[in-house]
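Engineer: Residue numbers (numbering that gives the first Met the number 0), protein chains in the order written: chain S, 0 to 423; chain C, 0 to 328; chain L, 0 to 340.
Check the hints yourself; a few may be wrong.
Just some of the chain C residues that point at chain L, by a computed CB distance under 10 Å [stated by the list, open to error]: (1) Lys151; (2) Asn243; (3) Met287; (4) Ser289; (5) Leu300.
Since the hints were made in silico from the structure, they are not lab data. As the structure is a computational prediction, the values presented were derived from the model and not from experiment. Note that CB positions come from ideal geometry on N, CA and C, so glycine has one too.
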Amino acid sequence: MKKIENKRYERLSANSQKRLVIESDNVLHELQNESEDKITGLDYFYDVAGKFARGQLSAQEKKKYIATNCVQVPIELIYAADAIPIRICSGAYSMSQAGDGLLPAKSCSLVSATFGAIYTNSFPVDQEILSIITPTTCDQKKKLSEIPTGIDQPFYTLELPPAKDSEEAREYWYRSVKKFKRKLEKITGNRISRRRLKGAILKVAKAQQAFRNFHQLRKEQTIISGTNAILVANTFFYDDIESWTRHLNDLISELKQRSDRDQTVVENNNPRLLLTGSPSIFPNLKLPIMIEKMGGTIVVDEFCSSNRLLYDTVAVDEWNMYDMIPALADRYLKACTCPCFTPNPDRERKLLAYIKDFQVEGVVYQSFSGCQLYELESLRISRLLEEANIPMLYVETDYSPDDKGQLATRTEAFIESLKTNQHN
Amino acid sequence: MEKFLVLILYFMVIGSNFSVFGSKILWLSNIPPAERQKEISTNGMHKLSSLNIGRGKVKIVQWVTIGENVFNSTYLKNSESRDNTIYCFTPHGDAQDCFMDSSKIYQELTFSNPIEGYYNLYLVKKKIRNDTLFIRTAKAELLNHSCRNGHKDVDKKILPRIYPEVIPLEITRQRNRLENLHFFMASGDKVCYKVYKSSKPLKDASITFISNQGWKKTVKSNDKGEAVIQVIQDYFSAWQDIDNRNIYTYLLLVEYTSEEQGIYKGESYGHTHYITSLSDGYYPSKVMYSSLSWALGLFLLCSIIAGGGVVYYRKRRTRIYREIRVDNK
Amino acid sequence: MNKLQKHINNSNISKFRLVFQILAFLLLIYGGYLSIDLGTSIPTFACPYNQECPGTCYLISAQHQVHNTWASLFGFRGKALLAGLLSFVLLFLILNKAWCGYICPLGTIQDWITKLRNRIGVSFSRYDDLSFKRLKTIKYVLLVLLLIIPLGMSNSIFGLPLLSHDLSAPFCQICPGRIITPLFVGDASQLFVDFTNATTMFMSSLGIIVLALFIVGSIFKKRFFCFFCPMSALHFLFSKIALLRLNKNGENCTKCGNCYRVCDVGIKAIAEDIDHSYIVKDDCMMCLKCIEACPENDCLKASFLTLPVFESTEEGFFSRNLHLDHEMQKPSQKVIEDEKD
């Protein structure tokens, strides 16, 4: 990777990283102090999030790291190649400002933050990243690898089909995944054998099981605030997967005990909300925090940064390579409700199912300005929710803290109207 | 020398009185006289000689013939019938009415609506000649079966029964272990026959087997009255002329002389000579028309073609993508 | 959900199925040694060419019963046909198409061949959509033929002369069960080509060819023959009123496609169809693998007369996975790391 010998660049890099630390510390501080009733299981997650911001996540020495963008990258393959995946979709405002200069003005904040992180080389680990895997999802993510930064980052484009219904798309995706497997073997130097892949799939399945238990816990009582739940899911890549799973299971048992004692963290009669749209990634938890401050409770979300990361499962019939790889591929294509696919009726059905299962009273649809995909879907989703008689609040925002005031007013009004609905 | 020749002549004459070979063998035939040359269906494995008389009802018919050659035997006409006694027994051992229709030209024995199993049908002719009572019995073991009636109590229905009160010299075909209500005996099978004299197995009786084409074999029964004969294939034809559904009739004869005396129809006799014939059939041997080696060869060929085809298709797929053709119209 | 239901839903039904199939195989192939008689309308293959069979499959009875003139079929022989059909339907209705998945001995043989292939590591084939649609109709064609040909042997259809008697029981002559089933009792007598006349040569050769395709096909495609089985087509005619039902709740379906992935026969409609509740298709053999693979609560359900038999649960899915993980962990972790596989 060519280094830029440029004082300006170095200052930009250092500043962005410092500001990232400040941002994340602020958010963590706010979360930790929001109530007196502390959940001890969350301490680990706060700790790990803090380490992430400082770029100190190399608890595992001598391991190879592979960066990923978006949820469609099959992480089981990376584990099977004896490497660690780390998702670098960034939620940092500072990084967004760092990347702004080289991107068009109307870019989505998430993409510019991710780009900024890559550009300033601000990775959460201080070891070399072997590759940055970018699936061809939305336009802006796709083009990141071609922006002339002067630095030569090792991008790899994973070819994702633009539609997921046809057999051709499925076959295309199988071939992409097989090519990806070969590429992984080449860059890590490790062979992905049948045993390793089986072990990786089962390892990730354990994490998925823990997450599902966590997900189901929030159906009945609000024993954990939605923001904390989003944070917990966000930290998935920040630590060794087995350690994360263990801590999540500990958190779940603690929450179960609290639930038995009816010890809720928020009022039980707060309006129950579903959060969907462009993903809120730590440290950009601006909207969830705002909503919960105004008296709403987020019971479930449909973000690719939290819920969709770990929800779907891999079903293998015969544990041989010729079946495991298509099984993996299918899980990342068929079950995915990202709006980069068209048509996308699965997202509507998923939203309706969540609304029914979690007794959701209102939906907050967040979209970053410049995120064309979520913006384009918002009309359809709003019509759908109108028919289902669920009030929806459409919020167009970005990473900058300037619109906090306006956001506060709108969310407060929305939640008040939901409260009135409750009384009627 | 002359005396020797006279002795031989004498024995031939005497012997001929005792010989039953020649035109005196009485047996029951499946094949109707007029259609002897034509193929008739004997309904094969289910029945031996029956006629359908409509609405599922059957009538069993047997014609009376004389002669040792299956093809050249004479059918007895009704005008010639004298001294016939007919016995018919059901598979359960009860007597069944069976009559000879005097309105027909040829002697035929008929009975209707038979039940499932093997019937025993006997025709007995008695005659006194040279102070000897000749008792000629023509026996047929007739199978009646329709799969519609199920396959229960098979052993009871196919049991070879004997009726010593009315038939002194009896010969039965022993059923083999796997036999059931379907008749499958074919050339090449080893068949066991058992001879009874007044309900006791008869030792050292001479049993003669006459095949469809006239081949003869004589064996003696053992201590238990049994004799095993291997049915031969005595004709060979081009493979396309084999009719594997045709039952070829064969004859089985047993003779026995005893010193029983008595009076029959006013005449006295000093010896009794029994001749019993059993007429049965066999299918052509399976090896005449079916082949295992061809089957295995065809199986291997098809497996190799199919397996090879799949492997080739798989290897080809790794090279080129499946093509989507566009019509040039 | 009470404890028993929970235990069943968490269990590995594939293992249970393996044992059940072996028992049913032993019963249907060797049952005659114990003089068991199950009648002549068994809704699965139980070949009477095997001397020790405990009953016969309905197809051979149907072919023989249909082999009558029109007059008798509309008269007294029609009663026998209807009685046979009725006993077939009554037996079938109890287990619906699970007769195919859990009991049929030919299916069991194919599953064993599949396991062997899995062990060796050869990959299996799937049909693409177009081939699937086209090949599916073969079983209906076979069903119609096996009923029409015996009719044509006793009656003149469309003015054609009566068909040769050598075509009697036409499906039995091409069925691989006729040759394979007696082999298990040591009887290889059905493996022949009959040279009596052209018809018998053709039919017996066709039987051998179908046997070869059966063996080779089962190696490369799971449950190859079941796709072409006329018994399966006959089942489907009565499947809608059966007692054992497989239902889907489309609302809870995330269209992840897991059920389609593990389906031996390759029925896409389980995954795609979110409108209908009863999703047993004509190829389905109710092996219930789809329910095992579904990770959503209350999505796929097998029930007998409204009593739940086996349901898809999240907990069940993960506990089966966990079980696999335990099996893998038995050699120490180090071995997995250092394996030169």
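Engineer: If a hint holds in the structure, say so; if it doesn't, say that too.
Structural biologist: Cross-check of the supplied hints:
| no. | hint | in the structure |
| --- | --- | --- |
| 1 | Lys151 | holds, 9 Å |
| 2 | Asn243 | holds, 5 Å |
| 3 | Met287 | holds, 9 Å |
| 4 | Ser289 | holds, 4 Å |
| 5 | Leu300 | holds, 8 Å |
Violated hints for the displayed structure: none, as all numbered hints are satisfied.
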